[in-house]
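These protein sequence lines map, in sequence, to chains A and B.
The opening position of the first sequence corresponds to residue 0 in numbering that gives the first Met the number 0, with each subsequent residue numbered one higher.
The opening position of the second sequence corresponds to residue 0 in numbering that gives the first Met the number 0, with each subsequent residue numbered one higher.
Just so you know, the hints here were simulated from the structure itself, not pulled from any lab data.
Careful: at least some of the hints might be erroneous.
In silico SDA-like cross-links for lysine to any residue, where the CA-CA straight-line distance does not exceed 25 Å [as the list claims (entries may be wrong)]:
#1 B:K217 / A:L104
#2 A:K68 / A:V224
#3 A:K68 / A:L104
#4 B:K217 / A:Q93
#5 B:K317 / A:L104
#6 B:K3 / A:P99
#7 A:K141 / B:S232
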Amino acid sequence: MTSAQDSAPPAIQITGLNKWYGLLQVLHDVNLTVTQGERLVICGPSGSGKSTLIRTVNALEGFQSGEIKVAGLRLTREPAVVEEIRRRVGMVFQQFNLFPHLTVLENCALPLRLVRGLSAAEARDRTMHYLSKVRIPEQAAKYPAQLSGGQQQRVAIARAVAMQPEVMLFDEPTSALDPEMVKEVLDVMVALADEGMTMAVVTHEMGFARQVADRVIFMDAGRIVEQGPPTTFFTAPRSDRTKAFLRQVLH
Amino acid sequence: MHYKDNIAYPPLLSRPTVYLPVLAAVFAALWWFRAGDGALGRLVLGLVPGAEGDALNLATAACVTMLVGFNIFVVMRLPLRQQVWLVWAELAALILLFFYSFDLSFAFIQRKIGFLITQGLVTTLYISAVSIVIATVLALIGAIAKLSSNGIAQGIAHFYTSLFRGLPLLMQIYMIYLGLPQLGYVVDAVPTGIAALSLCYGAYMTEIFRAGIESIPKGQWEAARALGMRPVSVMTRIILPQSMRVIIPPTGNQFISMLKDSSLVSVVGVWELMYLARTQGQTEFRHIEMMVTASLIYWLMSIVLELAQKRIETHFNKAATR
Ligand SMILES: Nc1ncnc2c1ncn2[C@@H]1O[C@H](COP(=O)(O)OP(=O)(O)OP(=O)(O)O)[C@@H](O)[C@H]1O
Ligand SMILES: [Mg+2]
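Work the whole structure out from these sequences, hints included.
Structural data, given as structure tokens:
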């Protein structure tokens, strides 16, 4: 499947991406390259198309024109291609989306067995390894409804990372959490970044952006308006929209 | 109570403001509908010999009201579960007494019940069980077809539910038994019954299954797909197990209803429970005996289904209850 044309193709390469919902254009000629190991933070006002953009990467949303490549593989609508892309890309949602009828252990182990073809024992071991990494191995036998929001989101991260994807996408992973739980989730994400995981994170947590991002992207009305390393992005934003936005999120 | 809110409300019936008006209403109803004119009056006659007409009616209403009042008074003092069971048992006893009052010939019932069970009940169970399985499969296919992006499948599924929910079940039975032979395809009576019941109930259950599947938030599908799971696995491992909670209660209803609707296939001469109940009584003019016996057998089977439904519900609810 992987094209051998390039020794290390970018993790994600988006060129000329346009998307409409009916007559409403939500992505305007978006160009974005995420290199291997890069930590990207995407921010922008509500409705600017951040979710839509990262959801096109693993084909949860379609698009009308443009091109997306994940580790060199061009995303088409063919089942085999989409499935391969989804094996390469892990995703964490704002609403956690754990499977409520399965225990924490089963939530992680089931996709490992069905998608990665692990045996029950292997899936169990790998799940426990990743649950330890997000520091909740003792919750393995519980059902999601028995966990706090922060714990649920950490399980969701463990579930996605246990699949050993090449890229992780996060869509506002802490927005549905109470303030005191935000940190425990961010800590897990920082640890993941320190291990060298390629990440694209939609978030308004500017502290996280400062701490781990290699690059911050600001989107507005379906366009990438401004981007740069966090130091320049936060201290010397160029566009007025970015300045106005930063004034709001940084108070 | 399902929703605990940890407030100790005094039980409704322990408040005089509720208890007394309830008894007054019971009394008024008994008096208004002249309970004393019938069997209750004859019972009361034992207590107040010689009473008749309005006096007997009044006495009957008073006696029965007192009995009800005393009963409530006693039952209210039991723990909840015992209350439920005792009330259930009392009401069941009343129904049985009602049947008993028909002056049934138990010798006749005893003579016929064996055949009613070995032939009638077995046939009813056979037809219902097979139909339940086929209807479930049809419903699953129908629901998935309706939710699919395949126009042909959607068209067939919509037409199917419309037709088989729209036509009376009796008509469907006739169409298969009398209509198909016109085309040269003769279907036997029992397969006719199974086909009609399966198709009809499959149509109702298609809608139940569809609504159950749609009740699962789309984030569940997206999360499973984003993890790389295939559509069939997502359906069988993630969506359907969760929708079971929504699907099972109305499906239990359907099964119980189907059990009794299987009596409709008696019109094409299948020797199931209702058919035998009607025909066995005829020879000796003992219709009521057979009808009561058959009714009680139907009720017993429904109770078994109710219990099964309860167990399955508990199973699928275990993740939701803390
Ligand atoms: N299914 C849909 N149908 C029509 N319009 C949609 C749909 N989903 C999103 N949109 C529109 O697309 C635009 C971008 O939405 P998107 O969810 O990507 O924004 P966002 O930047 O993630 O916002 P938020 O911060 O609120 O999550 C919005 O104008 C939204 O109204
Ligand atoms: Mg969003």
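Q.
Going through the numbered hints above, which ones does this structure break? Give me the numbers in ascending order.
A. Violated: hint 3 alone.
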